[in-house]
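Visitor: Please work from the sequences and hints to get the whole structure.
Number of protein chains: 2
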Amino acid sequence: MTASRDDVYGNHISNQFNDELLALKTRFLKMGGLVEAQVDSAVKALIEANDALAEEIRSEDKRVDRMEMDIDEEAMLIIARRQPTARDLRLVVSVIRMVADLERVGDEAKKIARFAIRLSEEGRSAQGYGEVRHISAHVTDMLHDSLDAFARLDSGLALQVMKADKRVDEEYQAAARTLLTFMMEDARNISRCLSVMWVLRALERVGDHACNIAENVIFMVKGEDVRHTSVEEAERVVGR
Amino acid sequence: MTASRDDVYGNHISNQFNDELLALKTRFLKMGGLVEAQVDSAVKALIEANDALAEEIRSEDKRVDRMEMDIDEEAMLIIARRQPTARDLRLVVSVIRMVADLERVGDEAKKIARFAIRLSEEGRSAQGYGEVRHISAHVTDMLHDSLDAFARLDSGLALQVMKADKRVDEEYQAAARTLLTFMMEDARNISRCLSVMWVLRALERVGDHACNIAENVIFMVKGEDVRHTSVEEAERVVGR
Numbered sequence: 003m004t005a006s007r008d009d010v011y012g013n014h015i016s017n018q019f020n021d022e023l024l025a026l027k028t029r030f031l032k033m034g035g036l037v038e039a040q041v042d043s044a045v046k047a048l049i050e051a052n053d054a055l056a057e058e059i060r061s062e063d064k065r066v067d068r069m070e071m072d073i074d075e076e077a078m079l080i081i082a083r084r085q086p087t088a089r090d091l092r093l094v095v096s097v098i099r100m101v102a103d104l105e106r107v108g109d110e111a112k113k114i115a116r117f118a119i120r121l122s123e124e125g126r127s128a129q130g131y132g133e134v135r136h137i138s139a140h141v142t143d144m145l146h147d148s149l150d151a152f153a154r155l156d157s158g159l160a161l162q163v164m165k166a167d168k169r170v171d172e173e174y175q176a177a178a179r180t181l182l183t184f185m186m187e188d189a190r191n192i193s194r195c196l197s198v199m200w201v202l203r204a205l206e207r208v209g210d211h212a213c214n215i216a217e218n219v220i221f222m223v224k225g226e227d228v229r230h231t232s233v234e235e236a237e238r239v240v241g242r
Numbered sequence: 003m004t005a006s007r008d009d010v011y012g013n014h015i016s017n018q019f020n021d022e023l024l025a026l027k028t029r030f031l032k033m034g035g036l037v038e039a040q041v042d043s044a045v046k047a048l049i050e051a052n053d054a055l056a057e058e059i060r061s062e063d064k065r066v067d068r069m070e071m072d073i074d075e076e077a078m079l080i081i082a083r084r085q086p087t088a089r090d091l092r093l094v095v096s097v098i099r100m101v102a103d104l105e106r107v108g109d110e111a112k113k114i115a116r117f118a119i120r121l122s123e124e125g126r127s128a129q130g131y132g133e134v135r136h137i138s139a140h141v142t143d144m145l146h147d148s149l150d151a152f153a154r155l156d157s158g159l160a161l162q163v164m165k166a167d168k169r170v171d172e173e174y175q176a177a178a179r180t181l182l183t184f185m186m187e188d189a190r191n192i193s194r195c196l197s198v199m200w201v202l203r204a205l206e207r208v209g210d211h212a213c214n215i216a217e218n219v220i221f222m223v224k225g226e227d228v229r230h231t232s233v234e235e236a237e238r239v240v241g242r
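Chains as they are written, first to last, in this note's numbering: chain A, 3 to 242; chain B, 3 to 242.
Watch out, some of these pointers could steer you wrong.
If chains are identical, the list can't say which one is meant, so a pair holds when it fits in one copy or spans any two.
[Claimed, not checked] In the DSS-like style, the derived pairs of lysine-lysine whose C-alpha atoms are separated by at most 30 angstroms in a straight line are:
#1 LYS165 - LYS27
#2 LYS165 - LYS32
#3 LYS64 - LYS224
#4 LYS165 - LYS64
#5 LYS165 - LYS113
#6 LYS224 - LYS46
To be clear, the hints were calculated from the coordinates, so they are not data collected in a lab.
Guide: Below, the structure written as structure tokens:
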């Protein structure tokens with residue numbers, strides 16, 4: 003169908019189509035950059051007990067929501083107008099799926115910011131902050147790499163993100179056990195440690211979303227759905 | 003484009019197309035029914051400390067994953083082959099988005115099942131189970147109604163689901179506070195109450211996903227994106 007349209011209209015439509023796909027990609031990456039910065043800032047606000055920064059993140063979430071809706075609308079317009087197939091269709095559908103992941107990353111950042119404010123109100127104590135710092139460094143790397151993998155359509159890098167997710171899950175479990183110990187030691191730690199635990203949970207979810215984005219990148223490039231498959235199977239698909 | 007194809011090929015393609023859309027809808031609802039049953043069973047396994055049932059849910063999750071991948075593939079084939087526009091396109095894209103929500107509901111059910119096993123190992127105690135029962139009744143209703151709203155393309159019912167989500171969020175906050183009190187009262191409650199808290203959190207997430215499905219139903223029917231809008235704005239869109 004697309005081929006015959008190209009025969010009729012020549013390359014003009016085709017070039018416009020490519021421009022539209024590129025614009026969609028660019029908008030998605032811009033949104034990705036924004037939520038990446040939000041996660042960074044939320045962790046910073048927490049560690050430094052910076053309420054003003056935390057409030058900023060909470061108010062910026064509206065911008066992320068708006069971007070999600072705009073990108074979705076753009077993607078649907080492309081499908082309706084350009085009727086993409088094969089690799090182009092995989093790109094557009096993947097963007098629709100991944101934009102939901104980015105929006106949820108933004109939500110997790112907002113949640114961390116909320117706990118940052120609560121924790122700073124409860125007074126300074128760095129219990130569990132080492133764990134937060136550690137895991138946040140890993141998941142922000144994962145998020146960055148997943149967006150980079152999308153920008154360069156690099157399925158090898160996407161595979162690395164999938165592998166990193168397993169490690170983050172283990173680190174999260176270990177950190178949760180540490181916090182449980184703090185809570186058992188002294189009941190006065192409970193409320194505070196619970197907040198830190200929700201933050202760790204939010205970070206772990208950011209890692210999951212980065213992993214989802216990585217799986218979509220592999221789908222775009224290789225045409226195979228590697229969700230719910232083992233890392234070994236994903237390795238076979240990526241071909242390394 | 004679609005209109006001219008219909009002129010050329012007559013109603014034959016159009017009927018096939020409708021059959022495909024109907025089949026997609028049916029598959030989605032079947033998956034919906036399965037995850038609904040999983041949430042029900044997971045809560046039952048928890049309340050009754052039924053490990054065998056909990057194990058069953060964990061192993062059934064693979065079936066849900068498979069359904070997600072199959073429905074996504076079918077939806078993409080429809081886009082590539084039928085090049086839907088307007089309402090049909092909204093339906094197909096919404097299915098792609100909603101199937102991710104259903105898969106996550108399945109994940110939450112699996113998580114509840116895991117905690118059910120952990121809690122039954124730690125010995126019987128019904129602390130917080132009243133809250134679990136209460137919130138699970140509400141979110142399973144929401145999930146059921148959201149799927150029903152999709153089956154009947156009933157935007158009014160979808161709006162009710164959106165409203166119910168606000169109430170569940172409040173109930174969840176109250177339940178979390180109750181559990182925090184139990185934990186502070188006696189350190190021996192901490193580990194157990196934490197598990198119950200994760201279960202409540204999983205249920206609250208099920209409510210969020212039901213709400214996402216409801217928002218997609220309104221989008222399908224009304225053509226307007228009501229995500230991130232107030233309930234009042236959604237009311238205006240639905241027209242009541």
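Visitor: Against this structure, judge whether each hint is valid.
Guide: Each hint tested on the structure:
1. LYS165 - LYS27: within (25 angstroms within a copy, 34 angstroms between copies)
2. LYS165 - LYS32: Classified as within; 25 angstroms inside a copy, 32 angstroms across copies.
3. LYS64 - LYS224: So LYS64 and LYS224 pass the 30 angstroms test across copies only (23 angstroms; inside, 34 angstroms).
4. LYS165 - LYS64: between (32 angstroms within a copy, 20 angstroms between copies)
5. LYS165 - LYS113: both (26 angstroms within a copy, 21 angstroms between copies)
6. LYS224 - LYS46: Close neither inside one copy (37 angstroms) nor across copies (41 angstroms); limit 30 angstroms.
Going through the hint list in order, the structure does not satisfy hint 6, though it satisfies all others.
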